[in-house]
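Take a look at the letters that make up each chain.
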Amino acid sequence: MTKKNKAASLELINEVQQFLYREARHHDNEEFREWLDMLTEDIHYWMPYRYQRYRKNEKEPSIYDTAYYNDDMECLVKRIMRTETGTCWSEDPATRSAHVITNIEVELTDNPDEFTVYSLTTVHRNINEDEEHTMIGHRTDLIRRVNGELKLAKRKIILDQNIFKNKSLNVYL
Amino acid sequence: MNNIDCKPLVGTEEGWIDRRIFWEQAIYEQELEQIFAKAWQFVAHDSMLPNANDFYTTYMGEDGVIVARQKDGSVKVFLNSCTHRGNKICFADDGNTRTFNCNYHGWAFGTDGELKGLSNEHVYNEGDIDKSKWGLQQARVDNYKGLIFATFDDEAPSLEEYLGDFRWYLDIMLDQDEGGTEFIGGGIKNYINANWKFGVENFIGDAYHALWTHDSGFKAMNNNEGFPPADPKGSYHASMNGHGWEFGTDGLADIAILGQPKVLEYYEKMRPKMAERLGEMRSKIFGSLASVSLFPNCSFLPGIQTFRVWLPRGPHKFEMRMWTIVNKNMPDEIKQAINIGCMQTFNPAGVLEMDDGENWEGNTVVNKGVVTRKGKLHYGCGINSRIEHEELPGIIHAGQFNDANQRLFYQRWADMMNAKSWDDIPERYTPRYAGKPTV
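Going line by line, the protein sequences match chains P and C. Every letter in the first sequence is one number past the one before it in our numbering, and letter 94, counting from 1, is 94. Every letter in the second sequence is one number past the one before it in our numbering, and letter 419, counting from 1, is 419.
Heads up, some of the hints might be wrong.
[What the hints assert, rightly or not] Derived DSBU-like pairs (lysine-lysine); straight-line CA-CA distance at most 30 Å: (1) P:K59 / C:K131; (2) P:K165 / C:K116; (3) C:K145 / C:K131.
[To be verified] The calculated label-pair distances, taken between Cβ atoms and stated as ranges, are: (4) C:H84 / P:E74: 39 to 47 Å; (5) C:D128 / P:T122: 20 to 28 Å; (6) P:T122 / C:G180: 38 to 46 Å; (7) C:Y104 / P:Y64: 35 to 43 Å; (8) P:E105 / C:F91: 26 to 34 Å.
[As the list claims (entries may be wrong)] According to the in silico footprint, chain P covers these stretches of chain C (three or more CB under 8 Å from chain P): (9) 89–98; (10) 173–186; (11) 217–225; (12) 319–327; (13) 341–347.
The hints are simulated quantities; they were obtained by calculation from the structure and are not laboratory data. Beta carbons: idealized from backbone N, C-alpha and C, even for Gly.
Pulled out of the complex, with its shape left as it was, chain C reads as follows (with noise of 0.2 Å):
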């Protein structure tokens, strides 16, 4: 594998992108290898696994894995396929068990992942399996304050090293109160028939979109008023490791598009601890029309609290699965709202969410053209708006209307899809927070 250049389909510095990255098998294939196969990926949030036994299925990349809680409270992570022929142990999204037992054989596994017995063992003779030997193959698991994170390459930096200096920005979402965060009970799939990138790039920088896709969707949870005209003046894009957070600095705007007063007012009584907690800056950044995706598929809105994954499925296809993140120690009243006015408004059914997914589609589909496919598509918004700030650490850009943060994603993803080891992958930003605490 790694064959496929990469570099000159991205084209961070003029601003474009080769859109073949959006449509080819092969290029695909690649990712699935380069990117998925390596970097740490989200796989479940700690309050998805509240007991010992408790699981939850997913994906990392196209392959299936069994998210489970240990009885000594750590989390295991493991493939989801029989060592034996290979069936899935576990058809199950979640649930509790001290076993997973394969229905072709019965095979037996249990949730730390090891092989536990065999059905009718009598059949075996002695020396034909040391099951010892096979239990499903481990992912190495880590956690960033609540979230689950997993990946199958040894050789990958620590997950703290791998997330950088974006620990000063996931604090905003994940420690801006001491109980720390848990989901709301459940969780909604979807299919979309789009390039997984269209959602990832759509969230790690794209404020712009908002103006005009979700006219309609904003106006219906906002009393029939549009947006307020666009002001790039105190907003900004910050990047690091391809991760990216586009940001303004009013506290405000996100929050208000969840159609619920009781939220906005528990949040101002609330912001002065944050500030104390976190500092003024990034109490201000909270709640701010904003949005952030980890690369490589991971993403979610500070404010309107949706959180959610891409899973890959084919070039033109993805899985999204998403979840709406609240503080454990809000009262049960505000949780509630949020989830109502999050599922009102990102959810397949939500007013905003359902204009996103046509779009993406339509991104994709058009590729299958050979002409079509040839062209580039513009990213240069932004190009020379790169600044150094006091506050804000990784790779900044003045103005939230701005391609930066995408065009730093696929600078990274050419980054990955070409590296032979980690050690190829250039540091594009310098750290100030590395090996330090961000809170």
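Looking at chain P on its own, in the form it has when it is part of the complex (with noise of 0.2 Å):
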């Protein structure tokens, strides 16, 4: 699906990259109303889990796997109103996290409007007293051009863990 013929222009890696940094900035800030706003209505966020296993018996991940996430729109809504109903007791104090956003790779597709992009997210998570967290996400996310402003379609994620070294997934990838 992707062309690697005709290279996205500087303009469009930078308002990509914009929009990645934002969406990294609503996630920080738990601002997740709006983070859900920079989605399309048909969005794929699909964290796959990889078993560790010998080269000759990999396997691509499939949709119909077990999965951290595997949501549509009306998943992540329930997963924010859970942070929204004031019982949310592990929430509380908050968690402390940074994402940080780099390698990004923009690349055109046959649809003038939509636009594979790859890119890293380092998650630190800080909680508790003192409970420090790093996680690494492979993302491979297609970005949509809707009325003009861009959205996030699809993602995968590929986590750099085979155990998953915490208690718990509380923030996005």
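Join the two chains into one complex using the hints; note that each chain is given alone, in its own frame.
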């Protein structure tokens, strides 16, 4: 689906970068409703689990397997609702998080309004007295222009861990 | 080993537990010897190993094991450690292979655990090694309706006897439909810095915490409506041999938490068939607000369909492995709806699961304080609620908001911690189904 013969313009790359940074800022500030506004209605937010396998046994993850996230808009809205109930005890006091977005590549596709975007997200989470976790996700996004505005339509995140090393994944990658 | 007297640490009759059992290294070491080296433990589901030479690696206590499907369809479970210098012989989570080759010197073991060959075998002279004597240590293996269990104790009773009348309850999950069950592909593993028993005891009987801990997650999954008021009527704790199932009998509440209306519809259609197979009572237990643990470290939620083991990693840490369990004969669309609902609620990112780990870590780490650690914890809810029930086997307590199953789990724990042999472990209930089928 990607066309590598035509490079994305600097203007487009800049626009996509600003989009991803804004998204990261909304995550850091827990502005989840603002984040939802950055997604298309048909969003697929997917973070599959990958077993550690011998090279000869490696398989691509499937959406029919177990995953951390395999969400449409309805699922994501439910997650956000949890944090708005006022009874989400584990989020009070609040989590401190920083989303560092790097290695951004923008590729054009056959659809002039859709772009494949690769990025790395390094999420640093600090909670309670001194608990610190760092998670690195390899992201492949489909970003779509809707009425002139960029929106996230698909995201696949591959985490660089086998056993997930934390008690919870309460931040978005 | 077997040197700490654990009976004084567990107040089953009075309703308290000594906090040291969640913290002390010496108690943990005794658990590895007295419980994890002896008890039958869940190691895999049949569906994870469909073909000959399929394997899955896991742990029994801290002993790494390989679970492998044989050519004749049987399953073997053996230690994942080379008999030469001890290196792991398999570093993959699962897969299919004909041999496990040790990375260090190239000793090759078959999927039956036997030593098949040595690299550069000519460096050994005749008489140096008898390969038939240097295979991997095998565990005893048995299967209950798709769940594969293993134990390293030759003296352990049969799996059937170990499960006892709990089989009557397990059938609600494993034999509600003629095709049996399977696991959805893949699974998730994560670490929690808490004592492993906090996970087990939560699932064995702690309906109480759901009302408070999971208020936010429940509202998220149920259009912002909270749990209905706690009504202990028609709900129970059932305990046998340290296994426990707490449940209501409305057949509904846990399925509703999945937030998938088509799954509710599916079960409503299926319920008469379930009743025909298992009887009215068991068909109403399935899907109610319920949670289950098998002694020592396997748990599931009937209706929500998360299935997991709590693998100990020291007294203050465990590894959780979780899967989604479904009926084999379900339409693919229903399997996927359950998978989605189950993942959204119960995995490290699940709207219910996220709140549990925080609690269990807090329960554990506070005991670093020597003054704190000397205190007892209250386990007295429902201390006088024991009843006899015509239909329900096992030790039954009325009301699912109860600490009864937890108390009896710790009683079994203490019984095993000090047993010199299986004969030392008292029978705490009268089985109704000994030697009889439960369906």
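When I compare C-beta atoms, does the region 341–347 of chain C have three or more residues closer than 8 Å to chain P? That given contact holds, which follows from 3 residues of the region 341–347 of chain C lying within Cβ reach (below 8 Å) of chain P.
Holds or violated: 26 to 34 Å for the Cβ distance of P:E105 and C:F91? 32 Å, holds
Checking C-beta pairs, does the region 89–98 of chain C have three or more residues closer than 8 Å to chain P? holds (count 7)
Within 39 to 47 Å: is that where the Cβ-Cβ distance between C:H84 and P:E74 falls? For P:E74 against C:H84, whose Cβ atoms are near 55 Å apart, the range 39 to 47 Å is violated.
Does the Cβ pair C:D128, P:T122 satisfy 20 to 28 Å? The hint (20 to 28 Å, Cβ to Cβ) is violated, given that C:D128 and P:T122 are roughly 52 Å apart.
Measuring from beta carbon to beta carbon, are P:T122 and C:G180 in 38 to 46 Å? 44 Å Cβ-Cβ, so the 38 to 46 Å window holds.
At least three residues with a C-beta closer than 8 Å to a C-beta of chain P: is that true for the region 217–225 of chain C? holds (count 5)
Is the Cα-Cα distance between P:K59 and C:K131 30 Å or less? Roughly 35 Å between the alpha carbons, so the hint for P:K59 and C:K131 is violated.
Would you say the region 173–186 of chain C counts as covered by chain P, given the rule of at least 3 residues with C-beta under 8 Å? Coverage by chain P holds here, the residue count being 3 at a Cβ distance below 8 Å.
Between P:K165 and C:K116, is the straight-line Cα distance small enough, at 30 Å or below? Given that 30 Å is the threshold and the Cα spacing comes to 36 Å, the pair is violated.
Supplied distance hint 35 to 43 Å, evaluated on CB atoms of C:Y104 and P:Y64: 38 Å, holds
Could you grab the alpha-carbon distance between C:K145 and C:K131 and see if it respects the 30 Å cut-off? 35 Å, violated
Hint compliance for this structure: hints 1, 2, 3, 4 and 5 are broken, all remaining hints hold.
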